[in-house]
Amino acid sequence: MSLTARDLGLFAIMFAVLAMVAMFQSPQLAVTILNMSLISAIMALGVNMQWGYAGLFNVGIMGFTAVGGLAVVLVAQPPVPEAWAAGGLGILLGLMLGVATILGAVVVYKRMAPGRMRGAAIFAVVAVGYLVTSQVFGPAKQAVQAVNPASEGYLGGAGLPVILAWPVGAVFAAGVAWLVGKVSLGLRSDYLAIATLGISEIVIAVLKHERWLARGVNNVTGIERPVARPIELQPVPWVQSLAETLGWSVSQTASVVSGLGYSALFLIVLAILIWLAERALNSPWGRMMRAIRDNEVSARAMGKDVTRRHLMIFVLGSAVCGLAGAMMVSMDGQLTPGSYEPLRFTFLIWVMVIVGGSGNNWGAVLGAFVIWFLWVQVEPAGRWFMDMVTSGMALDSDLRRHLLDSAAYMRLLTMGVALLLMLRFAPRGLIPER
Amino acid sequence: MEPLNALVSVSNFMLIPAFAYGSQLALGALGITLIFSILRFAHFAHGDTMALGTAAVIGGTFFLQAQGVTIGRLPTALLAIPFGIVVMILYLLAADKLVYKYFRKVKAKPLTFVMASLGVMFVTNGITRLFMGVGETRFEDGERFLFTVREFRDWSGLAEGMALRSAQAITILTALIVMVALFWFLNRTRAGKSMRAYSDNEDLALLSGINPERVVVITWTITAILLVLAGTLYGLDKGFRPFNYFQLLLPMFAAAILGGLGSPLGAIVGAYVVAFAEMGITYAWRRVFGYLMPDGLEPTSMMQLLPVDYKFAVTFAILVIVLLFRPTGIFKGKVL
Chain A
252 MSLTARDLGL FAIMFAVLAM VAMFQSPQLA VTILNMSLIS AIMALGVNMQ
302 WGYAGLFNVG IMGFTAVGGL AVVLVAQPPV PEAWAAGGLG ILLGLMLGVA
352 TILGAVVVYK RMAPGRMRGA AIFAVVAVGY LVTSQVFGPA KQAVQAVNPA
402 SEGYLGGAGL PVILAWPVGA VFAAGVAWLV GKVSLGLRSD YLAIATLGIS
452 EIVIAVLKHE RWLARGVNNV TGIERPVARP IELQPVPWVQ SLAETLGWSV
502 SQTASVVSGL GYSALFLIVL AILIWLAERA LNSPWGRMMR AIRDNEVSAR
552 AMGKDVTRRH LMIFVLGSAV CGLAGAMMVS MDGQLTPGSY EPLRFTFLIW
602 VMVIVGGSGN NWGAVLGAFV IWFLWVQVEP AGRWFMDMVT SGMALDSDLR
652 RHLLDSAAYM RLLTMGVALL LMLRFAPRGL IPER
Chain B
56 MEPLNALVSV SNFMLIPAFA YGSQLALGAL GITLIFSILR FAHFAHGDTM
106 ALGTAAVIGG TFFLQAQGVT IGRLPTALLA IPFGIVVMIL YLLAADKLVY
156 KYFRKVKAKP LTFVMASLGV MFVTNGITRL FMGVGETRFE DGERFLFTVR
206 EFRDWSGLAE GMALRSAQAI TILTALIVMV ALFWFLNRTR AGKSMRAYSD
256 NEDLALLSGI NPERVVVITW TITAILLVLA GTLYGLDKGF RPFNYFQLLL
306 PMFAAAILGG LGSPLGAIVG AYVVAFAEMG ITYAWRRVFG YLMPDGLEPT
356 SMMQLLPVDY KFAVTFAILV IVLLFRPTGI FKGKVL
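Same order as they appear, the protein sequences are chains A and B. One point on numbering: in my numbering, the residue at position 267 of the first sequence is 518, and numbering is uninterrupted. One point on numbering: in my numbering, the residue at position 215 of the second sequence is 270, and numbering is uninterrupted.
Hints in this document: simulated from the structure, not taken from any laboratory. All of these numbers come straight from a predicted model, not from anything done at the bench. Cβ coordinates follow ideal geometry from the N, Cα and C atoms, glycine included. There could be a bad hint or two in this list.
From the structure, some residues in chain B lie toward chain A, with a derived Cβ separation under 8 Å [stated by the list, open to error]: (1) V169; (2) A171; (3) G174; (4) F177; (5) G188; (6) Y365; (7) F367; (8) L374.
The whole structure should be built from the sequences, with the hints applied where relevant.
In structure tokens form, the structure reads like this:
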């Protein structure tokens with residue numbers, strides 16, 4: 252399923268608009284938009300696999316991207332030997348005890364006959380397990396967090412090259428998705444929505460609260476980057492000569508070059524993913540997934556294991572979201588759990604998929620570009636609009652100040668209206684499924 | 056051993072707040088369950104609509120305060136609630152007419168409705184923030200306490216104190232009245248019966264001459280009343296921050312599912328279970344056990360099962376347990 256002339260036209264318009272941003276606003280802004288659009292496109296691809304191929308409704312995208320981001324810290328940051336000495340073993344042992352408790356409860360549940368005895372046994376296993384775990388885990392955690400709390404206070408990572416974190420992020424997200432999917436798939440779709448909403452809040456709560464893991468709300472900053480930073484590029488001779496040719500300042504050129512480095516990396520990942528996704532969609536497997544989506548009952552009658560297939564695609568899609576999350580953190584060079592908001596990281600991605608065209612990979616990519624562009628540009632546009640509306644008012648009037656202050660929230664309104672209009676008038680999106 | 060002190064302590068820090076929180080959740084969960092049983096979709100805009108309703112009430116409150124109108128010891132917001140309700144009825148009916156009605160007409164899949172409610176959520180969210188910003192707004196006025204810790208201590212002579220905030224008392228009282236009124240409405244009035252009939256079997260209800268659009272209008276109206284009350288009471292109790300209302304979505308859904316979706320009684324029971332579980336598991340029991348255990352055996356740790364930051368995890372665990380073992384909920388609601 253290749254692109255039609257119309258689809259190519261839509262992409263061409265999008266890139267023309269980005270080029271105009273580079274010309275009339277600033278090249279840095281254009282590159283920033285391009286990079287975030289590429290990352291969003293990967294997230295949208297993941298969601299499109301779940302929703303477009305299989306009709307699964309995941310509202311926990313934020314959680315999966317955050318787990319991917321955590322992988323960057325755990326892979327790329329240098330380990331903190333003092334912290335490991337202080338409580339590393341205790342934390343590992345505590346985590347293992349916690350897992351053992353849960354497994355123990357599961358074994359008891361499976362092995363014993365239903366009844367009061369089983370309930371009591373499970374309760375006993377969980378209670379004892381909890382007490383032992385907290386005795387081991389609590390002190391170790393305190394000890395780790397006490398190690399040089401101003402700049403460390405956590406275990407650190409493995410000190411490996413940061414690129415490795417991308418696949419690891421995907422694996423982390425896949426693991427979380429497997430747990431959630433195991434519980435809530437097989438029931439009807441709205442349950443998955445509520446379960447994923449819950450797990451994403453929990454992931455963020457863990458990231459914020461467990462300081463030994465990734466410093467919590469103190470943020471991990473200065474993570475190694477896969478591309479040279481602008482400040483390192485400035486003294487490089489070819490960057491300086493490029494700046495001269497373009498007539499830009501050296502710092503501007505350096506940041507554009509650095510940003511384009513990320514764009515190249517992201518483009519490679521996106522291209523591989525799209526190639527894989529298109530191959531999968533047009534294979535017998537893809538046809539089976541769409542058959543399940545369109546009519547579960549008849550797919551089941553044909554002997555397809557619907558729940559297993561759903562679990563599989565849910566894990567795959569979430570892994571893609573985790574990959575995107577890892578890429579985003581390694582671009583920013585920092586993990587800030589406080590910045591993960593569901594509106595931005597879950598629902599915005601949904602708008603991208605719906606606007607772009609659910610079921611079509613190219614649609615998801617285009618949707619990501621269009622919506623991210625709007626998301627960035629609506630704010631200044633809103634301010635300009637408010638300026639126009641309020642230009643008749645006195646400069647110091649309260650209403651005017653209030654309206655100008657709240658121009659930022661115009662973007663939420665715009666996104667909602669865009670989503671509703673698309674659902675109503677073009678439910679198949681900009682590039683419909685074929 | 057001082058069981059009385061233990062009881063007072065646990066009431067002050069856990070039972071009363073949990074009871075108030077549960078009442079707020081119950082009003083919200085009732086709305087979710089009603090929409091689910093009549094319109095048959097999971098209403099994701101619930102939390103944000105609640106925020107908008109509360110914002111309308113706050114606007115009304117500030118207007119009244121500026122006019123110098125108050126009601127003595129009670130919060131002025133109570134006077135502004137009818138205004139908020141009217142605004143929200145109009146808002147929800149407008150949303151229904153502009154958005155959901157079309158999807159009903161084309162008999163769209165339930166998930167399309169959910170998606171549309173996401174759109175409404177965005178819009179509502181934007182409107183609320185346009186008016187209120189993202190910061191916290193406090194609008195509680197009047198007498199803050201029915202009785203304070205000091206008054207209780209002087210009166211009872213116990214070492215532990217207990218306070219009852221007026222917001223909590225009003226919440227619990229209002230919730231009880233509203234629940235009784237709702238059950239009376241559903242079971243005794245013609246409109247309520249037609250709602251239940253429509254929920255049980257759409258085709259049969261149509262056949263017996265019930266006008267579906269009328270049922271839908273009544274449902275949104277009741278939802279608006281519940282929403283505004285729940286939102287205002289929550290705001291009086293804990294202050295108004297739009298994002299907190301969004302986060303109420305998870306406990307409200309958990310309550311509705313736990314009770315059994317489509318069952319109003321279930322939603323109420325579910326809400327109290329969720330509230331008490333959240334509070335109980337994240338509460339530091341040290342003081343209570345300090346009073347209960349014999350001398351010399353007082354606990355040294357906080358006796359807190361989970362830090363407060365993980366109250367979502369508690370809700371989520373409840374949800375998972377229900378989904379695994381009894382997807383129909385306590386009161387045998389529908390499976391989604």
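Consistency of the hints with the structure:
1. This hint holds: B:V169 has a C-beta 7 Å from the nearest C-beta of chain A, less than the 8 Å allowed.
2. A hinted interface residue such as B:A171 counts as satisfied when its beta carbon comes closer than 8 Å to some beta carbon of chain A; here the least separation is about 6 Å, so the hint holds.
3. For B:G174, the interface hint holds, the least distance from its beta-carbon to any beta-carbon of chain A being 4 Å, beneath 8 Å.
4. At its closest, the beta carbon of B:F177 sits 3 Å from a beta carbon of chain A; the interface hint therefore holds under the 8 Å criterion.
5. A cut of 8 Å between beta carbons decides the hint on B:G188: the least distance to chain A is about 7 Å, and the hint holds.
6. With 8 Å as the threshold, the beta carbon of B:Y365 comes within range of chain A, its nearest partner Cβ sitting at about 6 Å, so the hint holds.
7. The closest approach between the C-beta of B:F367 and any C-beta of chain A is roughly 4 Å, which is under the 8 Å cut-off, so the hint is satisfied.
8. Given the 8 Å rule on beta carbons, the hint for B:L374 holds: about 6 Å separates it from the nearest Cβ of chain A.
Checked against the numbered hints given earlier, this structure breaks none of them.
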